[in-house]
Structures are given as structure tokens and as C-alpha cells.
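Build the full structure now, drawing on both the sequences and the hints.
There are 2 protein chains.
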Amino acid sequence: MSNLSKNKVKWIRSLSLKKNRDELGLYIVEGEKMCLELIQNYADQVVLLAHTSAFNCELTSAETILISTKELEQISLLKTPNNVLAIVKKPINKVGLASPDELIIALDGIQDPGNLGTIMRIADWFGIKKIICSIETVDCFNPKVVQATMGAIFRVNCQYTDLFAYLSKSKSPKYGADLEGENLFEQSKLTPGIIVMGNEGNGLSDEIRSIIQHKLFIPKFGNAESLNVSVATGIIVSSFFKK
Amino acid sequence: MSNLSKNKVKWIRSLSLKKNRDELGLYIVEGEKMCLELIQNYADQVVLLAHTSAFNCELTSAETILISTKELEQISLLKTPNNVLAIVKKPINKVGLASPDELIIALDGIQDPGNLGTIMRIADWFGIKKIICSIETVDCFNPKVVQATMGAIFRVNCQYTDLFAYLSKSKSPKYGADLEGENLFEQSKLTPGIIVMGNEGNGLSDEIRSIIQHKLFIPKFGNAESLNVSVATGIIVSSFFKK
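Sequence lines, in order, name chains P and R. Residue 16 is where the first sequence starts when you use my numbering, and the numbers rise one by one after that. Residue 16 is where the second sequence starts when you use my numbering, and the numbers rise one by one after that.
Think of the hints as simulated: they come from the structure by calculation, not from any bench. Just to be clear, a hint being listed does not mean it is correct.
As the list claims (entries may be wrong) - Take a look, some chain R residues computed to stay more than 12 Å from chain P by CB distance:
1) 34
2) 67
3) 78
4) 79
5) 93
6) 157
7) 167
8) 196
9) 256
Said to hold, decoys possible - Label pairs and their in silico Cβ distance ranges:
10) P:159 <-> R:62: 28 to 38 Å
11) R:31 <-> P:215: 22 to 32 Å
12) P:58 <-> R:111: 52 to 62 Å
Ideal Cβ positions, reconstructed from N, Cα and C, are used throughout, including at glycine.
Structure follows, in C-alpha cells:
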């Protein structure tokens with residue numbers, strides 16, 4: 016008899032929707048690499064671990080169920096399910112202002128899950144712990160975002176709030192990527208602050224642009240109309256770490 | 016009666032496979048934005064343009080056919096078809112060595128279509144005209160790559176070749192992203208050459224690593240295991256343009 020009841024399948028699948036993730040305070044993590052990291056470092060956040068016999072699992076703090084490859088296919092959101100799926104508790108993220116000298120990222124309406132996940136991975140690489148997201152930004156617990164973070168979801172805190180109000184209150188220097196900004200490569204030492212990145216198609220909204228003090232432009236030498244927003248984020252963030 | 020015969024549908028759909036694209040020397044471009052750019056700047060490369068009544072099309076140099084939204088759904092590879100699909104001639108890309116002082120990118124086994132497309136977009140932004148790809152690298156005319164290039168496919172030349180042999184012959188300085196490389200941010204002025212980026216999961220292959228003179232490492236201040244390869248490409252390429 017299977018350990019995976021119909022009700023459990025339904026419950027797991029329901030977490031593909033933000034509404035249900037918010038209501039239940041849970042999200043899905045998939046695949047061997049991320050689940051291994053989860054078990055090793057964040058076991059107390061795991062609620063359920065469903066794995067096939069190919070994934071060797073030792074976890075005592077949460078329910079673990081052995082399932083068949085076919086059962087995994089039923090609950091997985093991946094095209095190629097990878098032996099294990101975990102249900103994880105969402106952390107409670109409180110919106111706080113940036114401390115002086117803290118470098119953080121703010122996102123003004125990022126829509127693509129892959130972009131948000133990749134930006135969280137950039138933050139994780141450079142030791143940025145906090146990303147402030149406008150309400151319109153895609154949910155960081157969206158399964159596609161989670162997969163794209165490659166584990167950054169466990170360490171980087173995304174906070175959803177009224178971005179204009181947040182920036183208005185903050186005393187940190189505010190930087191924004193903007194096609195009409197100053198040449199990024201000609202800036203001398205950049206002081207830590209808030210780096211605001213705009214929506215994929217439209218860039219920064221007018222309201223947000225109006226309160227950015229330092230608009231920055233990545234100089235262009237060719238013909239592309241724009242850079243991918245996560246690539247632009249990587250280039251701008253890295254400029255704060257140049258000597 | 017429809018303008019879109021069953022044979023045409025079959026022909027168009029066959030171009031989702033590399034084998035057929037290579038044999039017929041054609042590839043697919045979709046969506047209003049890229050097709051508009053194609054018509055305005057590269058009309059001579061278009062073989063067929065299939066569009067719905069929502070896309071206002073004036074193209075005299077190629078066959079254009081008006082199709083229904085339902086017919087577009089039949090031939091489109093996009094989740095959300097966007098009014099127009101073009102069949103385009105593949106350019107003939109010859110493998111040439113980099114000129115002295117030319118900055119080019121080389122890819123050692125990039126697998127993800129989105130990553131290759133995004134890297135082509137980075138090349139297009141920075142005016143890099145040539146990307147040398149190892150044979151294992153995903154085909155640049157793969158429809159997902161084409162979409163991710165946002166038009167760079169029309170301007171950036173991808174050449175597939177034995178990367179080790181190519182690099183061995185080239186006299187250009189060879190740079191490579193490597194976790195054991197020197198701190199990228201501590202390099203003084205970088206001389207143009209070939210920037211080699213490795214596979215998503217494994218980085219540079221041992222063979223390629225052995226002939227890279229300048230291994231570069233993007234310093235890490237947090238916990239992520241790696242950066243997305245297109246983000247890393249953006250950060251490294253941009254370092255060649257810093258003052």
C-alpha cells in the first residue's frame with residue numbers, strides 16, 4: 016500500500032498556488048541537491064520529505080515517506096522529477112529598513128520566476144541578506160523561483176511591501192538601474208545602499224524613479240536594446256565590491 | 016480556406032529539431048517584437064511570415080500568410096503565442112580566429128537554452144560579435160535560445176567547433192571563469208582576448224582549463240555555491256570595459 020494518500024497528493028499540489036502557500040505557510044523544494052542542503056542545514060524547517068528509493072534519506076525531525084517514481088511524477092512540478100520533494104515551512108519575513116552601510120537589493124515588479132531566483136542567488140553570492148520586493152513582484156516561494164535560487168531561498172530574505180513607501184522612509188543611498196543614468200563604469204567607490212532594479216519590460220516605474228538619487232547605466236557598446244535584468248543586477252551589484 | 020496547409024504545419028514544426036534546422040538551413044523566430052526587428056532590419060533573411068490579423072505586416076520580399084489564432088497555436092512553440100511566427104534563413108557561420116585586440120566569448124558546454132540566449136544578449140550589448148561554442152553547447156538556433164536572445168541572434172555569430180583545438184591555435188590571451196582563479200576585482204586593466212565560460216554544473220572541462228592562462232574568480236562574500244553562468248559572464252565581460 017502506498018504511503019502517499021490522495022489527500023496528500025492534493026495538499027502537495029495545492030502548494031503550486033500562492034494563495035495556498037500563504038494560507039498554509041508552506042512551500043515546495045525539489046531535487047536531490049537542494050533537498051540535501053535542506054536536510055543538512057535547515058532540517059527544522061522541513062515538514063514532509065517524499066523520496067524514492069534512489070534518495071538515501073536520514074531525517075528524524077520530520078515525516079519522511081518512501082514513494083515510487085510514478086508517485087513522484089504525480090506530485091512533482093518539474094519536467095524531470097529528481098528523486099525527492101520536500102514541503103518546507105515559510106519563514107516569517109518582517110520588513111525592516113536597511114541598516115547604515117548595508118547593501119540590499121529592491122525589486123520593482125520583477126515578473127519572471129527565473130529572474131527572481133537568479134537575483135536571489137546573486138544576493139546569496141555577495142552576502143546580501145535582504146531583498147525588498149514591490150507587491151507586484153513574483154512570489155519568491157513560487158516553485159520555479161525556488162528551483163532557480165539553487166538554495167539561496169534558505170538564506171536570502173525576500174520582503175514584500177509598498178516599495179515607494181519603503182524607499183521614502185529609508186535614509187540609505189538609493190541606486191537604480193536606468194537607461195538614462197550615469198555611466199556605472201565611471202563611478203568612483205560606491206557607498207552601500209539600496210540597489211533598485213525595475214521590471215523586465217518597463218524598467219523602473221515613474222514613481223520609484225522619482226525617488227532614486229543615483230541612476231546608473233551599464234554602458235552599451237553594441238546593439239542590444241537591453242540586458243536581462245538578473246545579468247544587469249549582477250553587473251551593478253558587483254560594482255559595489257570592486258576595489 | 017486556410018493558407019496554412021498540413022504540409023506547411025509539418026514543415027514548420029519540424030524546425031523544432033536541430034537535425035531538421037541543419038538540413039534545411041532554417042530556424043524559427045516568434046513574437047511581435049523580434050519579428051518586427053527582423054522585418055525592419057533583416058527582411059532578406061525571412062523565408063516565411065505567418066501572422067494573425069493583429070500583426071500588421073508589410074513585407075514584400077518573402078511569402079506572408081494570414082492565419083487564425085488557432086492556426087498560430089498549432090505551429091507556435093510558445094506557451095503564449097504572440098501573433099506572428101517567421102521562418103528565417105540560418106547564416107553561414109565560419110570559424111575564424113579572434114583578431115588581435117578582439118574580445119570574444121567561448122562556451123565550454125553550456126546546456127541551458129535560456130543561458131545561451133542571455134549570453135548572446137550580453138555579447139550584443141557589449142558589441143562582441145563572435146561566440147565560439149564547443150560542440151556540446153546547445154544549438155543557438157534552438158527556439159528557446161532564439162527567444163531568449165531578444166534579437167541578438169540576428170547580430171551575434173555563434174560558431175560551433177572543437178573548442179580545445181580552437182583555443183590551442185589562437186594567440187589571444189585566454190581567460191576563464193574558475194573557482195580557483197585570481198580575484199577578478201583585483202585585476203588591473205584587462206587586455207582583450209577570449210573569455211571562456213564553463214558548463215552550468217561542472218564549470219570548465221579539465222582539457223580546456225589546462226590551456227587557460229588567466230583564471231578569474233568572482234569573489235564571494237556569502238554562501239551561494241555558484242552564480243548563474245550568464246550572470247557570471249555578464250560580470251566578467253563587463254570588467255573588460257571598466258576604466
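Now for the hints, and whether the structure bears them out:
| no. | hint | in the structure |
| --- | --- | --- |
| 1 | 34 | holds, 21 Å |
| 2 | 67 | holds, 21 Å |
| 3 | 78 | holds, 28 Å |
| 4 | 79 | holds, 25 Å |
| 5 | 93 | holds, 14 Å |
| 6 | 157 | holds, 16 Å |
| 7 | 167 | violated, 6 Å |
| 8 | 196 | holds, 15 Å |
| 9 | 256 | violated, 6 Å |
| 10 | P:159 <-> R:62: 28 to 38 Å | holds, 34 Å |
| 11 | R:31 <-> P:215: 22 to 32 Å | holds, 25 Å |
| 12 | P:58 <-> R:111: 52 to 62 Å | holds, 54 Å |
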